[in-house]
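Q: Here are the chains, one letter per residue:
There are 2 protein chains.
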Amino acid sequence: MTIDTVGFDADDTLWHNERYFHVAQQRFHDLLAEFAEPHTTEEVLLQAERRNLMLFGYGVKGFVLSMIETAIELSDGAIPASQLQLIIEQGKELLAHPVELLPYVPEVIGELASTHRLVLITKGDLTHQETKIATSGLADLFWQIEVVNEKDPATYSRILGRHSIDPSSFVMVGNSLRSDILPVLDIGGRGVHVPYEITWSMELAVAEDHHDFVSIADLSELPEVLARW
Amino acid sequence: MTIDTVGFDADDTLWHNERYFHVAQQRFHDLLAEFAEPHTTEEVLLQAERRNLMLFGYGVKGFVLSMIETAIELSDGAIPASQLQLIIEQGKELLAHPVELLPYVPEVIGELASTHRLVLITKGDLTHQETKIATSGLADLFWQIEVVNEKDPATYSRILGRHSIDPSSFVMVGNSLRSDILPVLDIGGRGVHVPYEITWSMELAVAEDHHDFVSIADLSELPEVLARW
Numbered sequence: 001m002t003i004d005t006v007g008f009d010a011d012d013t014l015w016h017n018e019r020y021f022h023v024a025q026q027r028f029h030d031l032l033a034e035f036a037e038p039h040t041t042e043e044v045l046l047q048a049e050r051r052n053l054m055l056f057g058y059g060v061k062g063f064v065l066s067m068i069e070t071a072i073e074l075s076d077g078a079i080p081a082s083q084l085q086l087i088i089e090q091g092k093e094l095l096a097h098p099v100e101l102l103p104y105v106p107e108v109i110g111e112l113a114s115t116h117r118l119v120l121i122t123k124g125d126l127t128h129q130e131t132k133i134a135t136s137g138l139a140d141l142f143w144q145i146e147v148v149n150e151k152d153p154a155t156y157s158r159i160l161g162r163h164s165i166d167p168s169s170f171v172m173v174g175n176s177l178r179s180d181i182l183p184v185l186d187i188g189g190r191g192v193h194v195p196y197e198i199t200w201s202m203e204l205a206v207a208e209d210h211h212d213f214v215s216i217a218d219l220s221e222l223p224e225v226l227a228r229w
Numbered sequence: 001m002t003i004d005t006v007g008f009d010a011d012d013t014l015w016h017n018e019r020y021f022h023v024a025q026q027r028f029h030d031l032l033a034e035f036a037e038p039h040t041t042e043e044v045l046l047q048a049e050r051r052n053l054m055l056f057g058y059g060v061k062g063f064v065l066s067m068i069e070t071a072i073e074l075s076d077g078a079i080p081a082s083q084l085q086l087i088i089e090q091g092k093e094l095l096a097h098p099v100e101l102l103p104y105v106p107e108v109i110g111e112l113a114s115t116h117r118l119v120l121i122t123k124g125d126l127t128h129q130e131t132k133i134a135t136s137g138l139a140d141l142f143w144q145i146e147v148v149n150e151k152d153p154a155t156y157s158r159i160l161g162r163h164s165i166d167p168s169s170f171v172m173v174g175n176s177l178r179s180d181i182l183p184v185l186d187i188g189g190r191g192v193h194v195p196y197e198i199t200w201s202m203e204l205a206v207a208e209d210h211h212d213f214v215s216i217a218d219l220s221e222l223p224e225v226l227a228r229w
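Those protein sequence lines, which keep their order, are chains A and B.
Quick note: the first sequence uses UniProt numbering, first residue 1, plus one each step.
Quick note: the second sequence uses UniProt numbering, first residue 1, plus one each step.
Hints should not be assumed to be uniformly reliable.
Unchecked claim - Derived contacts from chain A toward chain B, CB cut-off under 7 Å, selection only:
id : residue
1  : I72
2  : G77
3  : I79
4  : A81
5  : S82
6  : Q85
7  : K92
8  : L94
9  : I145
10 : N149
11 : P153
12 : S215
Stated by the list, open to error - Ranges of calculated distance between the beta carbons of each label pair, as one might list FRET restraints:
id : chain 1 : residue 1 : chain 2 : residue 2 : range
13 : A       : G137      : B       : E197      : 41 to 51 Å
14 : B       : P223      : A       : T135      : 38 to 48 Å
15 : B       : R50       : A       : G137      : 26 to 36 Å
16 : A       : A154      : B       : S220      : 26 to 36 Å
17 : B       : E43       : A       : A134      : 30 to 40 Å
18 : A       : L101      : B       : P223      : 27 to 37 Å
19 : A       : D30       : B       : R50       : 24 to 34 Å
20 : A       : R158      : B       : S220      : 39 to 49 Å
21 : B       : E43       : A       : A154      : 43 to 53 Å
22 : B       : E100      : A       : A154      : 20 to 30 Å
23 : A       : A154      : B       : R158      : 21 to 31 Å
It should be emphasised that the hints constitute simulated quantities derived from the structure, not laboratory data.
Source: prediction; values computed, not measured.
C-beta atoms are modelled at their ideal positions from N, C-alpha and C, and glycine is treated no differently.
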């Protein structure tokens with residue numbers, strides 16, 4: 001079946017994201033340098049993020065709260081409140097960071113918007129995602145925009161059902177195998193994987209070869225892939 | 001035009017919410033008692049919430065971050081990290097609190113689901129809202145569920161447009177004049193106001209008399225109001 005609807009992930013697919021988290025995390029390691037080695041801080045923070053995921057969900061605010069918990073834990077409560085305020089400030093910087101589009105994004109999205117129905121499917125903090133979408137300059141090119149809490153097969157089925165999209169006519173484009181590609185293959189759709197320069201530990205996944213899934217280096221290759229299907 | 005679609009707010013309309021925030025805030029006042037009078041704490045916290053709203057949006061995580069900022073500010077940085085951890089724990093309690101339905105909710109929602117299309121429209125933290133919806137036992141009675149970042153006329157127009165709902169056949173039921181009633185009247189819909197025992201300072205609003213808007217004491221009165229229209 002020919003593809004008529006293209007889903008796009010947003011963070012690290014249309015615009016930079018993980019890069020800023022990476023910088024924030026480096027600064028966090030520095031802030032805690034007197035209490036712990038960087039690799040310990042990294043490990044304890046990841047544990048906190050995993051522990052808190054069910055309650056906090058994805059996004060900057062939960063990340064900040066997990067950093068604060070980690071700082072308190074690693075310093076055994078000795079960290080001064082002023083340092084914790086710095087962590088909050090850093091979170092605010094993350095939230096206020098201007099959107100930086102990835103290469104070829106405006107051209108390719110603009111081109112495909114005239115031939116396909118485009119759906120933006122992004123997970124994370126609602127306020128932050130909506131702010132980024134609004135300031136990206138791309139919002140009007142999308143037919144539908146969905147901010148979701150988790151990207152699993154049930155979520156994709158719900159979205160496709162809601163908009164009467166046949167999975168066999170749908171392809172999802174994104175940087176995360178775990179969130180953007182595998183669950184869509186699961187429900188009978190196709191996937192185009194566009195790796196980003198950094199993958200967050202919680203997004204790591206391994207994919208076996210699959211005939212309905214291809215990898216491309218950047219979005220400039222996407223129109224040709226779609227034309228081939 | 002007869003009403004065929006009924007929108008429902010969730011927090012403090014279908015289930016208790018503000019009550020738990022109120023308790024959390026009382027405990028926060030106690031925690032800061034050595035640094036500030038309760039009314040000062042309340043005022044500085046509200047300032048922080050207003051200041052942070054654009055970046056944080058609504059919900060528990062932003063509330064916790066604003067409480068932490070307020071504690072640091074009022075103690076001039078002297079508050080021990082262990083006390084800040086208590087504030088985070090309290091936030092987790094809020095997030096994990098079981099859903100307690102308001103009186104008549106299951107009966108009335110169950111009854112109306114057989115005669116009208118029901119849409120749940122709630123604002124706040126995506127993860128928390130979805131958890132509450134999932135555990136409320138009501139999810140299957142709703143035709144559509146929308147978690148939004150802000151409840152203004154543009155948001156309601158977008159939702160109604162997306163599901164091809166004519167505003168003149170739509171009524172919104174909720175506890176907040178500012179978020180649930182006035183913006184819906186603005187776009188040509190109707191409103192049923194069901195006040196809750198507490199109104200958050202940021203939701204306060206005044207409504208003038210309006211023939212498309214009624215107030216009821218609890219949800220048991222809703223079917224009769226709808227039958228009348």
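Q: A separate judgement is required for each hint: does it hold in the structure or not?
A: Hints and how they fare:
Using the Cβ-Cβ criterion of 7 Å, the hint placing A/I72 at the interface with chain B is satisfied: the shortest such distance is roughly 5 Å. Because the beta carbon of A/G77 sits about 5 Å from the nearest beta carbon in chain B, less than 7 Å, this interface hint is met. The restraint placing A/I79 at the interface with chain B holds, with a minimum CB-CB distance near 5 Å, inside the 7 Å limit. Contact between A/A81 and chain B, as hinted, is supported at the beta carbon level, the nearest pair being about 5 Å apart and thus within 7 Å.
Residue-level restraint check for A/S82 holds (minimum Cβ-Cβ distance to chain B is 5 Å; threshold 7 Å). A least Cβ separation of about 5 Å between A/Q85 and chain B falls short of the 7 Å threshold, and the interface hint therefore holds. Given the 7 Å rule on beta carbons, the hint for A/K92 holds: about 6 Å separates it from the nearest Cβ of chain B. A cut of 7 Å between beta carbons decides the hint on A/L94: the least distance to chain B is about 9 Å, and the hint is violated.
Given hint, A/I145 at the interface with chain B, is violated; its Cβ is 10 Å from that chain's nearest Cβ, farther than 7 Å. For A/N149, the interface hint holds, since its Cβ comes within 7 Å of a Cβ in chain B; the closest pair sits about 5 Å apart. For A/P153, the shortest C-beta to C-beta distance to chain B is roughly 16 Å, which exceeds 7 Å, and the interface hint is violated. The restraint placing A/S215 at the interface with chain B is violated, with a minimum CB-CB distance near 29 Å, outside the 7 Å limit.
Between A/G137 and B/E197 the C-beta distance comes to about 44 Å, which sits within the given range of 41 to 51 Å. Range check, B/P223 to A/T135: about 44 Å between beta-carbon atoms, so the 38 to 48 Å window is met. For B/R50 and A/G137, the hinted distance range of 26 to 36 Å is satisfied, since their beta carbons lie about 28 Å from each other. Checking the proposed 26 to 36 Å range against A/A154 and B/S220 shows it holds: the Cβ atoms sit about 34 Å from each other.
Taking 30 to 40 Å as the suggested C-beta distance range, the pair B/E43 and A/A134 conforms, at roughly 31 Å. At roughly 51 Å, the beta carbons of A/L101 and B/P223 sit outside the given window of 27 to 37 Å. At about 32 Å, the CB distance of A/D30 to B/R50 agrees with the hint of 24 to 34 Å. Take A/R158 and B/S220: their Cβ atoms lie about 32 Å apart, and the range 39 to 49 Å is violated.
At about 44 Å, the beta-carbon gap between B/E43 and A/A154 stays in the expected band of 43 to 53 Å. At about 26 Å, the beta-carbon gap between B/E100 and A/A154 stays in the expected band of 20 to 30 Å. Distance hint check: the CB atoms of A/A154 and B/R158 are about 24 Å apart, consistent with the given range 21 to 31 Å.
Hints 8, 9, 11, 12, 18 and 20, counting from the list given before, are not met by this structure.
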